[in-house]
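Since the structure of chain A is provided, determine the placement of chain B on it from the hints.
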Amino acid sequence: MNRNSIAFWIGAGLFLVVVALLPQLIRNEYPFFAAYVILQFIVLSVAWSILGGYAGYVNFGTSAFFGVGVYTAVFLFKATGAPLAVQLAAAAAVGALLGFAVGLLTLRMQGIFFSIATIALTIVIETSVTNWRFVGGAAGIQMQRPAVMAPFDGYVQMLVFVQALLVVLAIVIARYMQSSWIGRGLQALKDDELAAECTGVPTLRLKVLACVISGALMCAAGAPAAMYLQYADPSSAFNLNYSVSVLAMSLIGGTAHWAGPVIGAILLGTTQQLLTVTISSEVNLLVLGIMLVVFVVAAPEGLIGLIRKASRKRAEREA
Amino acid sequence: MKRRTFLGGTIAAAVVGRTSGVVAEQPPIKIGMSMAQTGGLAGGGKASQLGIEIWRDDVNAKGGLLGRKVELIVYDDKSSASETPAIYSKLLDVDKVDLLFAPYATVPTAPLMPLVKQRGLLLMGNFSFQVNSKVGHDMWFNNAPWGPADSWAAAFLDLGQKAGGKTMALLAADQEFAQNLAVTAKAVAKKLNMSVVFDQAYPPNTVEFSGILRALNAAKPDIVYVASYPPDSAGILRAVNEIGVGDNVKIFGGGMVGLQFAAVMENLGSLLNGVVNYNTWLPEPNMYFDGTKAFFDAYTPRAKEAKVDPLGYYLAPFGYASGQLVEQAIKAVGSLDQKAIAKYLHGNEHKTIVGPIAFSADGERKDTATLMAQFRGIKDKNVEQFRSPGKQVILFPERLKSGELITPFEAART
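Residue numbers (our numbering), protein chains in the order written: chain A, 1 to 319; chain B, 1001 to 1414.
For reference, chain A alone in the conformation it holds in the complex:
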C-alpha cells in the first residue's frame, strides 16, 4: 500500500468516525437534514461520473435510478416492513439490474442518442409508478418511520450515517475503477470506441459493468430518501432536477478524477442549501445558472482541471 492509499483510508475512516460522533456534539437537527441532502448528491455524482466521466456516456437518467431506489424501499416497507438495510440492499440489486438493461442499450446507442434514451427511461418508469396503486400511485404515499436503532437517538442522524457509508463505498469503488484496468479500458473507449475494441479492450463488458455499478449506487442512494421524507410521490422521486443537478455537480467538479464529483457535489449542494434558506426565491435559480455558465466557460474541465493546471504550472516553474 503506498502513501497515497494510506492517507485515503485514514481519511475515509476519520470521516465516518466524525459523522458517527456528530449527533453527540450537535443537538440541533437542521445540520443533519442539510448534510443528508449534500451526502446524497455526493453519492449520485460519484456514481454518475463512473459512467458519464470515465466512459463518456452522458446519462440523463439519474432521476430514474434515484426514483427506482425510492420506490424499491417504499414497496418493501409497505409489503413486508423490511428494515432499512434490506431496503438498501434490494435497491442496489434492482439498480444493478436496471443498470444492466441500460448497459445493453449502449450496444446500439451512443452519444446524444444514449442520453435521449435515458431521459425516456425516466418518463417510462415514472409513468409506470404513477399507475401502480400499491405504492400510492399518483397521489403518493405517507409512511411512519419505525423506531430508530441504537446507537443513534434520531432517525435523521442515522440516515446521515448510512448515507455517509454510501459516500465512502461509492468513492472507494470509483477510486479503484479509476486506477485499475477497468478505468483505463473505459478511458480508451471514451476516446475512441472502435479503436479500443480493435486493440482488444472488451468495450461492451466494460460499459455494462460501469452501468451496473453506477446504477446500483444511484438506486442505493435513493433508498433512504423514502424514510427521510416519510413520503414518496412520483413527481418528486423522479424529478428531473436530480439528473440536472448531478450533471452540473460532476461537470463543475471535473469528471476525470473521482474527487471531481465529490468537490462539485459539496460545492453546489452546499450552495443550493444555503440559497434555499437565504435568498429563497427565483434568484437562487439564476445564481445556479450563472455558476454553471461561468464554470463551463472558465473551467471546462472542472475544478479538478483547474487544480491540475495550476500544479502543472508550478512544477514547470520549479523545473
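If you're looking for bench data, these hints aren't it; they were derived computationally from the structure.
Hints are supplied without guarantee of correctness; some may be wrong.
[To be verified] Negatives, chain B to chain A, calculated, CB over 10 Å:
| # | residue |
| --- | --- |
| 1 | 1037 |
| 2 | 1304 |
| 3 | 1339 |
| 4 | 1383 |
[As the list claims (entries may be wrong)] Here are the simulated distance ranges between beta carbons:
| # | chain 1 | residue 1 | chain 2 | residue 2 | range |
| --- | --- | --- | --- | --- | --- |
| 5 | A | 244 | B | 1242 | 33 to 39 Å |
| 6 | B | 1380 | A | 146 | 41 to 47 Å |
| 7 | B | 1376 | A | 291 | 36 to 42 Å |
| 8 | A | 127 | B | 1120 | 49 to 55 Å |
| 9 | A | 282 | B | 1388 | 42 to 48 Å |
| 10 | A | 8 | B | 1335 | 51 to 57 Å |
| 11 | A | 15 | B | 1136 | 49 to 55 Å |
| 12 | A | 124 | B | 1211 | 18 to 24 Å |
| 13 | A | 127 | B | 1366 | 34 to 40 Å |
| 14 | A | 22 | B | 1060 | 47 to 53 Å |
| 15 | B | 1148 | A | 21 | 46 to 52 Å |
| 16 | B | 1120 | A | 180 | 49 to 55 Å |
A virtual CB, placed ideally from N, CA and C, is assigned to each residue, including glycine.
What follows is chain B alone, placed relative to chain A:
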C-alpha cells in the same frame, strides 16, 4: 408641587418609560413556513403568501399579538416534497419559530405531517387535500374550505342528479389531486345509484383531447365530471369548443384546476361559459363577510406590484384567514402554548374574511364551503369582468347560493 411628589412622579415616569421600552423591545412572534416561489405551484404559492403578508401587516398595525410584532419567515420549497423537511427543521431548530404554517398544496405538505406529529406541533394547513387522513394528527387545521373528503364530488353530482342526470362520465388526470377526486367521485356515484358509463385517466401533459372527448361522447353520459390540471383544463375546454359534448350532457366540470386563476380564465374567455366548477371564493353578494372587502382593497394594488394573480380569489383570502385563526386563538388563550391554541381552534367557531370556520376532529372543515359555480356571459380577453358578480354564479352550498343551474350544458354555453 412638593419636591417629594415631583421626585415620585419622575421616578414613576422613568419606570413606565422603561417598561414600555421593554414592551417595544420584546422579540417578535415568528411564524415560519415554506412556500412555492418557483416550480409548478409558484403561481398559487405567491398569491397565498401575499394574503398572509397582508394579515401580518394588519395585525402589526393593530399592535401585534400579545404585545409583540408578528414576523414571517418564508423559504422557497421549489414546489417539491423533497425540500420541505430540511426547511421546516431549519425553521424549528435554527430560526426557533413560534408557530408553523404549512406550504401551499398537498405534495410539499405531506412529508411534514409525521414531523409535526412526532414533535407535537400545531400546523396550519394551506389547501392540502386529505393530507391528515392517514396520519391522524390532532393539531392540524386546514384553511381550505374542502370539508369531508367526498363533499366535493357529492355537491357536483347532486346538482347533476337534480338536473335529471342518471349516468356519469369521469375524466381525470393521472396525478395526485385529480386521482383523489376521481376515487371519491366513483364512491359518491355508487351511493347516488348513478352508473359510470365512461371512466378515463389520461397521462399528465396530455395536450390533445379530441380523441378522448369523442370516446366520451359515444358513451352518452348525462353528467361529465372532470378532474384536471391547468394545462389540461385548457386543452379539454378547447376540445369541447371544437367538437361539443352532445345535448344529453346536463352538467360539465367539477374538479378542473386552473379555472380559478386569473391568467387561465383570461386566456380561455368565452370557452368557460356553462362550465360548472369548484371554487373557494367569488365576488358574489353572499361571499362578503367582515373585512372581506377591505382585504381585496389591499390585495389588488399589492398584487399588481408583486406581479401575482390580479384577482387572487382562490388562495389569498384563505392565507389571510389562516392568520385570523391563529390571531383569535392566541388572543383567547393569551399565550403561544400550541396545545391550548389547538384546543381553542377545535372547540370554537371562528369569524374570518372567508366566512365562519369550524373544524372537525381531523382538522378539516366541519361543513364544506367549497363552491360549485357556473361561468356565465364571459367574454374573451378581459380579466376585469371577473370582478363583477354574476360571472360565476354560485349553485352550491345552499347558504351561499346566488343563482340556479342553467342546463343542459350546450344551452348554457351560449
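Find the hints from earlier in the document that the structure breaks and name them by number, from lowest to highest. 1, 6, 7, 8, 9, 11, 14
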